Amino acid sequence: MKVAVCLKRVPDTTTKIVIGSDGKSIDENGVKFVPNPYDEYALEEAIALKERAGAGETVVYSLGGDSSQETIRTALAMGIDRGVLLQGAGSADGFEVAKTFAAELKGGGFDLVLFGKLAVDDYNMQVGPMTAELLGVPCITTVAHLTLANGAIEAEREIEGGIEVCTCSMPAVLTIDKGLNTPRLPSLKGIMAAKKKPLEVRPVHVGVGTLMVSSLTLPPERLAGRIVGEGPDAVPALVSLLRTEAKVL
Amino acid sequence: MATATATSKFSGVDFYNIDSLLSEDERAVRDTVRSWVDEHLMPVIGECYIEGKFPKQLIPGMAELGLFGANLPEEYGCAGLNNVAYGLIMQELERGDSGIRSFASVQGGLVMYPIFAFGSDAQKTYWLPRLASGQEIGCFGLTEPDYGSNPGGMITTARETKDGWVLNGTKMWITNGSQATVAVIWAKTGELSDSKSIRGFIVPTSTKGYTAKDQKGKLSLRASDTSEIHLEDVHLPKDAILPKSGGLKSPLNCLTQARYGISWGAIGAAMACYDEAASYAKSRVMFGKPIGQTQIQQVRLADMLTEITKAQLLTLQLGRLKDAKTMTPSQVSLAKRNNVNMATECAREARRLLGANGILVEYHSMRHMANLESVYTYEGTHDMHALILGQEITGLSAF
Ligand SMILES: Cc1cc2nc3c(=O)[nH]c(=O)nc-3n(C[C@H](O)[C@H](O)[C@H](O)COP(=O)(O)OP(=O)(O)OC[C@H]3O[C@@H](n4cnc5c(N)ncnc54)[C@H](O)[C@@H]3O)c2cc1C
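Protein sequences, first through last, are from chains A and B. Letter by letter, the first sequence follows residues 1 to 249 of our numbering. Letter by letter, the second sequence follows residues 1 to 399 of our numbering.
Next comes chain A alone, as it looks inside the complex (with noise of 0.2 Å):
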């Protein structure tokens, strides 16, 4: 069982975002970055099915600056073989990410190649379904319970008030949703490990695009809330207010 996860550096999901100066991009100063935490169950996944098939490689490869590397190395802590930093600036367009991603995953003779359903900072959802289809391999996205059988793949979907099971061939893509695992955490002993584990880094150039992101603005500052009554009694109050100032009813 060979396989690969794709792993992306992104700023911790409880980090007070601050935009940059040209109001395109976040400013990074005093940011904690973190693995892009669906792409942790994808990690879980590619350990755990290592495991379980007795035998095999697990790699990681990020696109990134040198700062990746950290959070290569939070990967083979956890357990994953070796790491590939992509060393180059990324871009908005997933296209040309997928575009970077399929040229270093081709004929490297994966059985699955794992991403994250989504990245917590830009929300695209493309790169994994796109690396999928440069390599001319099937894609199953959003997986949220896996099971293998002599080369052939059987995932469940949570789709909007149901499960949708869905089969393909190996090799394929596959993108995490949470729930499919619990991530472990890197373990004193592999994080000593990740140190002798080997990472290499692969200088890249990712092109442009054609998707450029024009502006970047914070969600409105939410109003404090405000207590109407209590019990049965604040009832028409509540109602009346959703009514003239919310107007939702």
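If you are wondering where the hints come from, they were derived from the structure by calculation, not from laboratory data. As the structure is a computational prediction, the values presented were derived from the model and not from experiment. Any given hint might turn out to be false.
[To be verified] Listed next, the stretches of chain B that the computed footprint assigns to chain A, with coverage defined by at least 3 CB atoms under 8 Å from CB atoms of chain A:
no., segment
1, 22 to 33
2, 61 to 72
3, 262 to 275
Each residue gets a CB set at the ideal place from its N, CA and C atoms; glycine is no exception.
Following the hints, complete the assembly by docking chain B with the ligand onto the known chain A.
Just chain B with the ligand now, kept in the frame of chain A:
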């Protein structure tokens, strides 16, 4: 890690970008333990504290992460971390609860360390991997009912027989005493007046004559077991003695390890209280404005942040000295004394800032406040560390 499943995330206190003084793996270790505390300890600690029970179910997870004896070598199944990373583990555990940090301190600093430092090769290869994996749980018996700050006066004895040793005595206030499967017991092999005859013994707690009874009625460190141990004609084989132990300096050497960890741990408890107080101050509205907008509460918070930041820098340097093998016991005394006192003050002030909510177990400051009274007392009381420093300064012993 596992952002989507974590109940809530603690993001630390770092006003001076002290993170930039840590290496990548030191930060990784800290983050892993921080996430573990968020995910596994925080959801259960309140109930454990109220019920006065140690969360035993967490031991396998702690062992799997490698928290026990993490600064001991890999050949014994340990993580082989440096002392700064080890300190950060203690900080994060005590951010959760002093009782959990105490458990790890005892297992690593007071049980694994003496076996590592004073044990034979056979003792090391047998015991260390079992203790690292949590298969065996240890305790450290030094204090006696009448010998607390003055352990050199102990009256527990070890008498040599033709085929081994016989131990008699009583140990008091022993963390993990009742749940331990193995105890490191300190006893005099010579005259009671001769503290140089103190030696360490590895005592499986299943040995006939060993009994432990939990101390009841504790108002502090409730999520940790503290016991009284009776040793009545406990027969041990010849190889139960730690061959390289000798004199009071051996147990004191262990205490230096544990006190080092406590210096870090106290910062964790203080950070938890500061974090809680700062967020409460911003959200609690009284007289039409957040209490954080009043000068009194701002001074409280400013004082806490100042003291925490000072302690962080002090302790990081202590860790660097320990890694450079130049750290002295009195340097550890200074940090233990300063940091634990600082943390007790932060906890008390945070509790007060929280008003009535501050007395509830749902908030953490009062639990830390009560816990820290034990931390203030054990491993050398605050006063004793002042006397150790006083002796260092003047060359004159006041005790
Ligand atoms: C929760 C908890 C867990 C513990 N776990 C362990 C353990 O695992 N193993 C273990 O061996 N011990 C353990 N201890 C014991 C602890 O180390 C002792 O309680 C401590 O050393 C103080 O001893 P004491 O309680 O007898 O106080 P005492 O020594 O009687 O001190 C009483 C007071 O007198 C002061 N004092 C003492 N001597 C002097 C002096 N010369 N000059 C001025 N003031 C002085 C002290 O500072 C203190 O304020 C634990 C204690 C607690 C509370």
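Using a Cβ cutoff of 8 Å, are there at least 3 residues of the segment 262 to 275 of chain B near chain A, or does the coverage claim fail? violated (count 0)
Closer than 8 Å, Cβ to Cβ, for at least three residues: run that test on the segment 61 to 72 of chain B against chain A and report holds or violated. holds (count 5)
With a Cβ-Cβ cutoff of 8 Å, does the segment 22 to 33 of chain B contain at least three residues near chain A? holds (count 5)
Hint violations for this structure: number 3 only, all remaining hints satisfied.
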